[in-house]
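Protein chains: 2
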Amino acid sequence: MAEAAIAQAAPAAIGDSEFDRDTAVVLREPGVYDIGLSAGWTILGAVNGGYLLAVLGRALADALPHPDPFTVSAHYLTASQPGPAVVRADVVRTGRTLSTGQASLFQYDDEGREVERIRVLASYGDLDSLPEDVRTTARPPAIPPLEHCFGPEDGPGPLAGDSAITDRLMIKLDPATLGWALGAPSGKGEMRAWFGLADGRAADPLSLLLAVDALPPTAFEMGILGWVPTVELTVHVRCRPAPGPLRVSITTRNLAGGFLEEDAEVWDSSDRLVAQSRQLARVRLG
Amino acid sequence: MAEAAIAQAAPAAIGDSEFDRDTAVVLREPGVYDIGLSAGWTILGAVNGGYLLAVLGRALADALPHPDPFTVSAHYLTASQPGPAVVRADVVRTGRTLSTGQASLFQYDDEGREVERIRVLASYGDLDSLPEDVRTTARPPAIPPLEHCFGPEDGPGPLAGDSAITDRLMIKLDPATLGWALGAPSGKGEMRAWFGLADGRAADPLSLLLAVDALPPTAFEMGILGWVPTVELTVHVRCRPAPGPLRVSITTRNLAGGFLEEDAEVWDSSDRLVAQSRQLARVRLG
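For the protein sequence lines, the chains are A and B, in the order given. To convert, note that position 56 of the first sequence is 211 in the working numbering; the numbers rise steadily by one, no gaps. To convert, note that position 275 of the second sequence is 430 in the working numbering; the numbers rise steadily by one, no gaps.
Think of the hints as simulated: they come from the structure by calculation, not from any bench. Every residue gets a Cβ at the ideal spot worked out from N, C-alpha and C, and that includes glycine. There could be a bad hint or two in this list.
[Stated by the list, open to error] Between beta-carbon pairs, the in silico distance windows are:
id, chain 1, residue 1, chain 2, residue 2, range
1, B, 289, A, 299, 28 to 38 Å
2, A, 220, B, 291, 35 to 45 Å
3, A, 176, B, 426, 49 to 59 Å
4, B, 426, A, 263, 45 to 55 Å
5, A, 220, B, 246, 25 to 35 Å
[Stated by the list, open to error] Covered by chain B, per the in silico footprint, the following chain A stretches (three or more residues, Cβ under 8 Å):
id, stretch
6, 220–232
7, 274–284
8, 380–392
Chain A with its partners taken away, still in its complex shape:
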């Protein structure tokens, strides 16, 4: 059923999809990029942090001599709203195989002054230049076949109904991490899903920046239903993803003192671990 839904229309191409259009930054002058943050990537009115990371990642890909984000560290300062924004990007260092940049996303207050939303440091390289060597002990997450997993379209709203982003994502949650949506969270800090873009656009390093922060928070399965704002998120892109849906697994092991970490792994259809991320987020307890 789900696969049929995905295959209905011709998939959107990389470079010609809603995700590409909505992350397109326009060079105003060297190092300064304008963008309108789309309302299509909001969750309960706030712009999704992974989408914002992709916007910043795209500006840095333009500013730096290397094409692919290898490691991106983002500190989230204030909540972003749909509407005009500007990215200011600087080259920190250029090397032969890696270059490092810094970028900030700003929006405007009522007086038109810039307010900083996110600041990132990132090191870029060329994924296609890496040796093929793989010596991994990591294993793909145990997740049922896609047709046995569930998205918001499959029932009474496992994802919040008024979140525009749900229309743009293909998220099929592992039933074992879906208890929160039925009022019976498992108590475990785990969330697993098949992931893609709803229009069938294939995954690339830029969309991996979205993938690591697009699932419902693990806190939901720990019985905490509320806003879990990201303080900091760092993602490593380890491999160019193969075509096909991704599997995303998010784990929280330590909820303490009002903070938790979310560790995400993203696996591609070739069973390669293509991205790893960790974020520190705040929770409101009790």
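Since chain A is already given, all that's left is putting chain B on it; use the hints.
Using the frame of chain A, we list chain B on its own:
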């Protein structure tokens, strides 16, 4: 034996120890700090990345209104040498419970020009203000009692002999992760040790920044003996450590394409997970 060695002298106090003296930054003007990088924290001639992180962390603690590093993301640009350095720190945002800063460490080239070594983004808070709530599923690493673990003083050099830092650290490696020193690496990406400062100075949030990057690299146990330079390291300090030796566990799951991640956990004597870190590092294969 080991415990007797540690207890021989009165322990150095926080604020009056070699670690404190060697990380002391001197305010030159607002946001600018001078420091001499000590040759005492080098590994094979290069200044240890965790020591450098503590130097930057100390400058940021001075520049920001909050005292404790909650999350610090560092991108390593060029290798640091012992000698004069300057830290430039800026306040990015000040909030009620968290503030965010940026800092860079510079040294000088032959013409006296500043060369950037490391750039960090960091969010600071007050660990003592956090609620006591702990809901963790993480468990301390399985590591034998300290007296059954081994340091460089216990035999024919499990740590490189000409590394000054070994004199300043109490590192007792789990025998299960010591095979590399005997020419028989386990093949597993694991490194575990008891950790402290050799002069008995107690752990604090600043020394946790050192602890996450002070063990031999996991690559050694994977049979890769060579330089494993850090590209990026992010550390979360989750709790003020209790007195007593720490347990540090480092794990690598994905060595691929000439890069690997090192995930570190630091546990205190009260079985609290006090810090988590992840770094992306380069390896030279074959």
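Hints versus structure:
{"no.": "1", "hint": "B:289 - A:299: 28 to 38 Å", "result": "32 Å, holds"}
{"no.": "2", "hint": "A:220 - B:291: 35 to 45 Å", "result": "43 Å, holds"}
{"no.": "3", "hint": "A:176 - B:426: 49 to 59 Å", "result": "51 Å, holds"}
{"no.": "4", "hint": "B:426 - A:263: 45 to 55 Å", "result": "48 Å, holds"}
{"no.": "5", "hint": "A:220 - B:246: 25 to 35 Å", "result": "31 Å, holds"}
{"no.": "6", "hint": "220–232", "result": "holds (count 5)"}
{"no.": "7", "hint": "274–284", "result": "holds (count 6)"}
{"no.": "8", "hint": "380–392", "result": "holds (count 4)"}
When the structure is compared with the earlier hints, no violation turns up for any of them.
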